[in-house]
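*Asks:* Sequence:
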Amino acid sequence: MATFFQPRFLALVVLLSSFGITIGFQNSRTHASLASFPSSSRLNHHAPITADQNLPMRQPSRRVFFQSLPYAIAASSVFGSVASFSPANAASLTTLEPYTDSDYSFRLSIPASWKKSSQTLSGRRRAVFFTANNDDETAPIDTLMYIAYTPIRDDFTSLSSFGSVDQVAQATILPKGELGGQSDDSQMLSATSRRNAYYFDYTSTPVVPVEAGSGSGSLMKKLTPLHFRTIFTLLPLTAGAGSTLVTITMQTTEEKYGGLKGMFDEIVDSFERVSI
0 MATFFQPRFL ALVVLLSSFG ITIGFQNSRT HASLASFPSS SRLNHHAPIT
50 ADQNLPMRQP SRRVFFQSLP YAIAASSVFG SVASFSPANA ASLTTLEPYT
100 DSDYSFRLSI PASWKKSSQT LSGRRRAVFF TANNDDETAP IDTLMYIAYT
150 PIRDDFTSLS SFGSVDQVAQ ATILPKGELG GQSDDSQMLS ATSRRNAYYF
200 DYTSTPVVPV EAGSGSGSLM KKLTPLHFRT IFTLLPLTAG AGSTLVTITM
250 QTTEEKYGGL KGMFDEIVDS FERVSI
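Per numbering that gives the first Met the number 0, residue 0 is the first one in the sequence shown, and the count goes up by one each step.
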């Protein structure tokens, strides 16, 4: 039986997929630019925004990431291989400090050692990135956090305008691969609503095209499983009109998640509205 979504669901999908993050798992070969993020791009867990087939499959390094912020908005890019998790690294990530957004009157805790950067797109969309500190600029990025800001129409007055937390999860996060005849290992672990926000905990194993000339008999291949923690909230601009859909996402590999879960829990639990 076909599933039909209300216009507000479709509007939410368009808003989120216009960022290409949180709900889109992009090809790590993707070479994108700001022009590659149309405001009406179609949601797809597997399809790259744009792709240069001559680019090799590789993990993005810290240096490449920060030199390439115009296309780093696709921050949920998949990473082909990961280093084993070190307890010493976990200890260095657990020192948290408050991060306050005075424009939208919210606060949450951020690892003190993580590096902050930002990117502004068209249509007043923007994102702030926090990446795990690593002295080696060529080291792969597999643990990060990003806050995406998407202005919405005035008639969207609350998160319930988009539907319940389960409906939003179904419309934006849960697997879409079967619609394209592809397998999808995404799994929603929890979807809850509290404190005027929706909280999602889910995993996904990205699927990307096999490199041309690889000799593989398959057209697609699975990459390293990823684990995501995401907060959706609708916030007014402190000194302005209208509301903005703010999505806060933490991601790491499933392999590393066990060692980082406590820190992710602290970050999620620290989110709160504040008076500025």
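To be clear, the hints were calculated from the coordinates, so they are not data collected in a lab.
Glycine included, each C-beta is placed from N, C-alpha and C at the ideal position.
Accuracy of the hints is not assured; some may be wrong.
[Unchecked claim] 20 angstroms max Cα-Cα, derived DMTMM-like pairs, lysine to aspartate or glutamate:
#1 220 x 254
#2 115 x 153
#3 114 x 210
#4 220 x 200
#5 114 x 100
#6 221 x 254
#7 220 x 210
#8 115 x 102
#9 221 x 265
#10 221 x 210
#11 115 x 265
#12 220 x 184
#13 260 x 210
#14 114 x 96
#15 260 x 100
#16 220 x 253
#17 115 x 96
[Claimed, not checked] Between beta-carbon pairs, the in silico distance windows are:
#18 184 x 268: 33 to 41 angstroms
#19 111 x 193: 41 to 49 angstroms
#20 240 x 219: 20 to 28 angstroms
#21 210 x 163: 24 to 32 angstroms
#22 211 x 101: 45 to 53 angstroms
#23 99 x 159: 25 to 33 angstroms
#24 241 x 217: 32 to 40 angstroms
#25 275 x 116: 49 to 57 angstroms
#26 218 x 94: 25 to 33 angstroms
#27 253 x 274: 32 to 40 angstroms
#28 210 x 236: 25 to 33 angstroms
*Asks:* Next, verify each hint and record whether it holds.
*Replies:* Do the hints match the structure? See the list:
1. 220 x 254: Given pair residue 220, residue 254 holds - Cα atoms ~18 angstroms apart, limit 20 angstroms.
2. 115 x 153: violated (30 angstroms)
3. 114 x 210: Judged against 20 angstroms, a Cα distance of about 32 angstroms means the pair is violated.
4. 220 x 200: violated (24 angstroms)
5. 114 x 100: holds (16 angstroms)
6. 221 x 254: holds (15 angstroms)
7. 220 x 210: holds (9 angstroms)
8. 115 x 102: Given pair residue 115, residue 102 holds - Cα atoms ~17 angstroms apart, limit 20 angstroms.
9. 221 x 265: violated (30 angstroms)
10. 221 x 210: Answer holds: residue 221 to residue 210 is near 12 angstroms, not above 20 angstroms.
11. 115 x 265: holds (19 angstroms)
12. 220 x 184: Holds - the C-alpha atoms of residue 184 and residue 220 are around 12 angstroms apart, at most 20 angstroms.
13. 260 x 210: Between residue 260 and residue 210 the Cα gap is close to 33 angstroms, so the pair fails against 20 angstroms, i.e. violated.
14. 114 x 96: Satisfied, since the Cα-Cα distance of roughly 13 angstroms is no more than 20 angstroms.
15. 260 x 100: violated (24 angstroms)
16. 220 x 253: holds (17 angstroms)
17. 115 x 96: Given pair residue 115, residue 96 holds - Cα atoms ~13 angstroms apart, limit 20 angstroms.
18. 184 x 268: 33 to 41 angstroms: violated (28 angstroms)
19. 111 x 193: 41 to 49 angstroms: violated (27 angstroms)
20. 240 x 219: 20 to 28 angstroms: violated (45 angstroms)
21. 210 x 163: 24 to 32 angstroms: violated (41 angstroms)
22. 211 x 101: 45 to 53 angstroms: Check passed, 49 angstroms falls within 45 to 53 angstroms.
23. 99 x 159: 25 to 33 angstroms: holds (26 angstroms)
24. 241 x 217: 32 to 40 angstroms: violated (47 angstroms)
25. 275 x 116: 49 to 57 angstroms: Given range 49 to 57 angstroms: violated, Cβ gap about 23 angstroms.
26. 218 x 94: 25 to 33 angstroms: violated (45 angstroms)
27. 253 x 274: 32 to 40 angstroms: holds (38 angstroms)
28. 210 x 236: 25 to 33 angstroms: Between residue 210 and residue 236, where Cβ atoms are some 44 angstroms apart, the hint is violated.
The structure fails to meet hints 2, 3, 4, 9, 13, 15, 18, 19, 20, 21, 24, 25, 26 and 28 from the earlier list, while all remaining hints are met.
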